[in-house]
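Spelled out, the chains give:
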Amino acid sequence: MGSASVRPSRIQPLRVGAVAYDPKVVTIWEGFKTYFERQGVEMDFVLYSHYDAQVQAHLEAEVDVAWNSPLAWVKTQIETRGACRTLVMRDTDRDLTTKIIVRQSAEIATLADLRGKVVAVGASDSPQATLIPLSLLDEAGISPGQGCRVLYHDVMVGKHGDHVGGEREAAYALAAGKADAACVLDSNYLLFLNEGTLDPDTTRVLATTPPYDHCNFTARGDLPEERTQRFVTALLEMSFQDPLVRTLMEMEGLKRWLPGRTTGYEQLKRAVEKFRFYA
Amino acid sequence: MPNRIPKAQADLGDLALHEGGAMLLRRAIAPLREGDLLEICGGSSELVEQLPAWCRQQGHRYLPLNKGAGFHWIERGASDPPLIRPAQELAETAEPAWGLAPRGATVEAGGPAFSFPLRRKREVWAEELDAIRQQAANNQWSLIRDISWNALPRLAPELEIAVSQAMTFLTENEFAALYIPARFLARIHPHYREVLEVLAFQVTDEARHAEAFTRRAEAGGTGLGTTANSGQLSLHTLLEESEFTTAVFLLCVMGEGTFLTLLQFLEENAPDPVTAALMRYAHRDEARHVAFGVSHLRYVLQREPERRPALAAAVERRSRLLASISGLSPYVHDALVILAGGGLSPEQVREGARRVAVLHREMDRARSERLQALGFSAEEAVRLSAHHTKNFM
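If you read the sequences in order, they're chains A and B.
The opening residue of the first sequence carries number -3 in my numbering; numbering runs sequentially from there.
The opening residue of the second sequence carries number -9 in my numbering; numbering runs sequentially from there.
Since no wrong hints were added, every one of them can be taken at face value.
Not everything, but these chain B residues come out facing chain A in the computed CB check (under 7 Å):
no.: 1; residue: H8
no.: 2; residue: Q40
no.: 3; residue: A43
no.: 4; residue: R46
no.: 5; residue: Q47
no.: 6; residue: G49
no.: 7; residue: A68
no.: 8; residue: P72
no.: 9; residue: G100
These are computed hints drawn from the structure, not numbers from a lab.
Glycine residues also receive a C-beta, built at the ideal position from the N, C-alpha and C atoms.
Based on the provided sequences and hints, a complete structural model is requested.
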């Protein structure tokens, strides 16, 4: 054995948690890891099967940083009593809206007209396709469950609606007449029109939620900033023009990383409290 | 945004994004630079619902505008993907990142690196590819359309059995001649598509030959003959060859070259018009395969004459491996004698044996000539030809 055969690492690599909502997650993170190595950032990733496990592991310092869904961010905020911060988010994580779609012919002009109707939503833990739009309904005086019947589409519960399947099922339910309304993310609404899941001639947008934010990289409050500094810089420097990462960025659904912000989670926080989601 | 002036306008008419509006937008945005503004004029009421999400997905910014209904602003974000321009003309080396893009196309950077081990022109190329491809395309034949199966007479049993045995032997060899180019096809970079096309034709030709010869054996009622170990061992060593140029040399120049003489012999000595026609068509195809082999070898040896000894060594290596085989299998030898003599009487057998001996000499002469045409000395050519497998292929 040569003395130089194993090079001991002086710095403990930054451990980043992510949820494996799809096999491509492994491809993405293996690729990102290569990118970070090139940028001189020592990191490793740990994959979890659902967000609750990731939040728990994050709280127990099994990982330093978590790539969180908005709901996982809210949960981390609750559990740490606010002692956490966002580092970075995708350009596509800012200012999302959810559309409530109804049939063109339905006599539904306002949210109040959904009283007594069937509302199709995504997975029970999807911020965009369930919690936020149901909160909007609640604020319009239609209490989910009492004021209207909620038709859940629990595809991959635990993954906080990361999988488009639940929303597609909701759109199918509307198209098939099993529901009077369907709640879908604005970009998925476009996708469903383009792929023919929703017929633009027989459906229309009834309401749109105010804009909200989606995923972010979360660090615990007790993690020194210098531990994450190079990771954050490397992410913000990641370029869509860089052939090494371009495909990975496409898979992860972004054109560039932006600094994290905490202003876009108020609607979800209200929904979590209102529906006692983590009570 | 009072001070900003749009760089361009896009009129979407009354199209929503899912109705084709997105396409018009992409075209309007393409020439703009990052940060430039595009003003959109559109009558569809759905645009206001769709544009913010579309812009977010595409990496652009949707800007609220108080100019009135039907007007929107977009700030161009991420620019187009970086492109690579692979060699438009034939390159000496093809890059893995060009992938499956056709020669002449532009390729987005960052795609997967394909594993095509044969990606140097001098490893695969030949000068006469165009002529060979054209001939291959023009001379495709059909064993349904072009062969008069009704003209097959009822032969004397010994002749029919001899034909079937010859067909069995030919088919074994056709399979080897199919698998070798097929195996290399998948390793050649598509930048050299002319080579792919020639090899693909070769594979198709051999598949058709295998079907035709099997069918001929079965049509006479006696069925297929026997496959000898000696033949299989010989072909096994051929299939083992892992280097393209050496494989082409052994198969197309040495093997198929020898087969040209055999097919001509079988056509001349065929006891029926169907067998004769099949031999004629197969000969025409094999001549093309030999032409590719010779042309490829000439291309390689002109550039790397130092490879000649290695090729000679490959023939000798194969010869040593096959040293335990005494010669052509008796099944095949006897069938050729019966066909050439026309029967089993001592006189017929004497004539048949004489013609088969002539066949061997003719094969040897043609091989030597072909080797000399590739620049081997007369002495070397004679020696190498003598080392060639006694099982022809």
